[in-house]
Amino acid sequence: SQQGEEDPQALSIQEGENATMNCSYKTSINNLQWYRQNSGRGLVHLILIRSNEREKHSGRLRVTLDTSKKSSSLLITASRAADTASYFCATDSRGAQKLVFGQGTRLTINP
Amino acid sequence: DTAVSQTPKYLVTQMGNDKSIKCEQNLGHDTMYWYKQDSKKFLKIMFSYNNKELIINETVPNRFSPKSPDKAHLNLHINSLELGDSAVYFCASSQGQGVVNEQFFGPGTRLTVL
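Residue numbers (the working numbering), protein chains in the order written: chain R, 11 to 121; chain E, 224 to 337.
Hints listed in this document are in silico derivations from the structure and should not be mistaken for laboratory results.
All values derive from a computational prediction rather than experimental measurement.
Check the hints yourself; a few may be wrong.
Stated by the list, open to error - Here's a subset of chain R near chain E, in silico, CB distances under 7 Å, partners left out:
| # | residue |
| --- | --- |
| 1 | 15 |
| 2 | 58 |
| 3 | 108 |
Don't be surprised by glycine CBs; every beta carbon is placed ideally from N, CA and C.
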């Protein structure tokens with residue numbers, strides 16, 4: 011069964027604006043990861059946040075994790091046209107030894 | 224110096240045929256995976272191998288048979304292809320076992336079954 015669910019399914023914003031995507035999951039996790047997929051390409055790892063962390067930054071990316079609510083958010087600041095892609099959260103549930111992906115958020119940055 | 228490579232990139236074939244997809248990683252990782260991404264972009268794990276040993280077999284039909292000749296290679300053979308097998312198949316690798324760390328994905332193989 012699907013573990014992570016992203017919200018919204020699609021998001022369209024103007025270049026320079028911030029984009030926020032949310033992910034909810036169901037079971038206890040070791041870590042939560044965010045990936046980007048450009049059209050026709052493989053997934054690229056963006057950031058990993060462990061279950062004992064609350065916030066993590068990487069360049070223009072900020073990820074938060076709230077284990078009490080079983081949710082995470084990915085914020086992309088000062089968006090660029092090149093950020094247009096699908097973004098997936100993936101959870102590593104304890105004992106599962108695998109990542110379970112959500113259905114993704116399709117982000118479009120309009121110039 | 225591609226990290227995770229897959230061949231072929233595109234595969235178009237008739238129902239009932241048998242086909243193989245190859246994957247190689249040069250990252251020195253211990254664990255490799257096969258994923259299937261359907262037309263709605265939903266990505267689901269099929270298999271994982273750690274040091275050539277099968278770790279995960281996610282209720283995939285036995286027409287799908289992975290083979291790992293060494294820890295740098297993980298191939299996927301599909302027998303008696305069906306229309307529903309049409310999808311993009313991704314290979315991935317990561318270091319370690321147990322807790323899943325960052326995964327590196329290949330470019331994908333788009334399989335179309337006619």
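Status of each hint after checking the structure:
1. 15: Hint violated; residue 15 of chain R Cβ to chain E Cβ min 11 Å, cut 7 Å.
2. 58: holds (6 Å)
3. 108: holds (5 Å)
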